[in-house]
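Visitor: The residues making up each chain are set out below.
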Amino acid sequence: MRCAVIVFPGSNCDFDLYKAANYIEGIQAEYVWYTSESLDGFDSVLVPGGFSYGDALRAGALAARAPILKALQRAADAGTRVLGICNGFQILTECGLLPGALHRNSGLRFICKTVNLEVSNTATSFTTGYAGRTSTHVRLAIAHGEGNYTCDSDTLQKLEDNGQIVFRYSGDNPNGSVANIAGITNEAGNVLGMMPHPERAMADWMGSTDGRILFESMRN
Amino acid sequence: MLKGIVTVSLKQDVLDPQGQAVLHSLQTLGFPEAQNVRIGKSIEVWLEESDSQKAESRLKEMCEALLVNSVIEDYSFEIVED
Numbered sequence: 088m089r090c091a092v093i094v095f096p097g098s099n100c101d102f103d104l105y106k107a108a109n110y111i112e113g114i115q116a117e118y119v120w121y122t123s124e125s126l127d128g129f130d131s132v133l134v135p136g137g138f139s140y141g142d143a144l145r146a147g148a149l150a151a152r153a154p155i156l157k158a159l160q161r162a163a164d165a166g167t168r169v170l171g172i173c174n175g176f177q178i179l180t181e182c183g184l185l186p187g188a189l190h191r192n193s194g195l196r197f198i199c200k201t202v203n204l205e206v207s208n209t210a211t212s213f214t215t216g217y218a219g220r221t222s223t224h225v226r227l228a229i230a231h232g233e234g235n236y237t238c239d240s241d242t243l244q245k246l247e248d249n250g251q252i253v254f255r256y257s258g259d260n261p262n263g264s265v266a267n268i269a270g271i272t273n274e275a276g277n278v279l280g281m282m283p284h285p286e287r288a289m290a291d292w293m294g295s296t297d298g299r300i301l302f303e304s305m306r307n
Numbered sequence: 009m010l011k012g013i014v015t016v017s018l019k020q021d022v023l024d025p026q027g028q029a030v031l032h033s034l035q036t037l038g039f040p041e042a043q044n045v046r047i048g049k050s051i052e053v054w055l056e057e058s059d060s061q062k063a064e065s066r067l068k069e070m071c072e073a074l075l076v077n078s079v080i081e082d083y084s085f086e087i088v089e090d
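The listed protein sequences correspond, in order, to chains A and B. This note's numbering numbers the first residue of the first sequence as 88 and each following residue consecutively. This note's numbering numbers the first residue of the second sequence as 9 and each following residue consecutively.
Hints were generated in silico from the structure; no laboratory data involved. Quick caveat, the model's predicted, so the values are computed rather than measured. Careful, some of the hints might be misleading.
Unchecked claim - Pairs of lysine-lysine residues, derived as DSS-like cross-links and limited to a Cα-Cα distance of at most 27 angstroms, are as follows:
#: 1; chain 1: B; residue 1: Lys49; chain 2: B; residue 2: Lys19
#: 2; chain 1: A; residue 1: Lys157; chain 2: A; residue 2: Lys106
#: 3; chain 1: B; residue 1: Lys11; chain 2: B; residue 2: Lys68
#: 4; chain 1: A; residue 1: Lys245; chain 2: A; residue 2: Lys157
#: 5; chain 1: A; residue 1: Lys157; chain 2: B; residue 2: Lys68
#: 6; chain 1: A; residue 1: Lys245; chain 2: B; residue 2: Lys19
Let the sequences and hints guide you as you build the complete structure.
Guide: Shown next, in the form of structure tokens:
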């Protein structure tokens, strides 16, 4: 599987994501610069975390209007899988590929810690690997100041009805997000945005392999 | 030259944690009459345009294309001579 990792000015999880994807046998990750206008030939696209454009105006707002985004929209419309993590999730909501918005954490603080999550839909092509486990609870790192997911009540109802809420914070909700949302897909299920960082949980020596399952699911 | 001044505010039903923190500080400082605080932002755009109607319509396009996230924000603007 050929996987693009988009690099924006200010991305800072691009290298981690590139390494994580390449860590999985059967995935070949390559960097694609934000000024590129094509994603042809890629089976999946990864949008990394960081502070693209220094979070100017709103987190993800300027990256969501960068040249590569037209190609990303086309790829997503054609069914290519797109995974946006952290700032990548913010970019996917800003460009309209995912509904809702991410704004300031309710406690105003930047939060960097490992949190408990529930995989609330194990039927998506990103999460099938979590289905066979004894528990659908996972632990992944979060590191964000603007991860407070919000949307109107109609959108929330649609997300619930369609099974688009894929990850929820379990126990404590760290940022005030509506319905404990930590990650959602689009209606078609080929675009996933999530605040937690699966690329930081790839091997036992990293403390957890809970993130690795997501990349393996994408490959399979 | 004309200048557009865009005022962006969070929608009423979106919680404003910054506003809540500032409200708390105001009350602590001895302003109990402060009942609510909402924090927005002001964006000034200088336009090479002399027709204020054209400027208005272009500024509206800019708001919708980039300056405002209509999921969580409302906006208003005015055009002034500069």
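Visitor: Hints first: check each against the structure and report whether it holds.
Guide: Hints and how they fare:
no., hint, verdict
1, B:Lys49 to B:Lys19, "holds (13 angstroms)"
2, A:Lys157 to A:Lys106, "holds (26 angstroms)"
3, B:Lys11 to B:Lys68, "holds (13 angstroms)"
4, A:Lys245 to A:Lys157, "holds (26 angstroms)"
5, A:Lys157 to B:Lys68, "holds (22 angstroms)"
6, A:Lys245 to B:Lys19, "holds (21 angstroms)"
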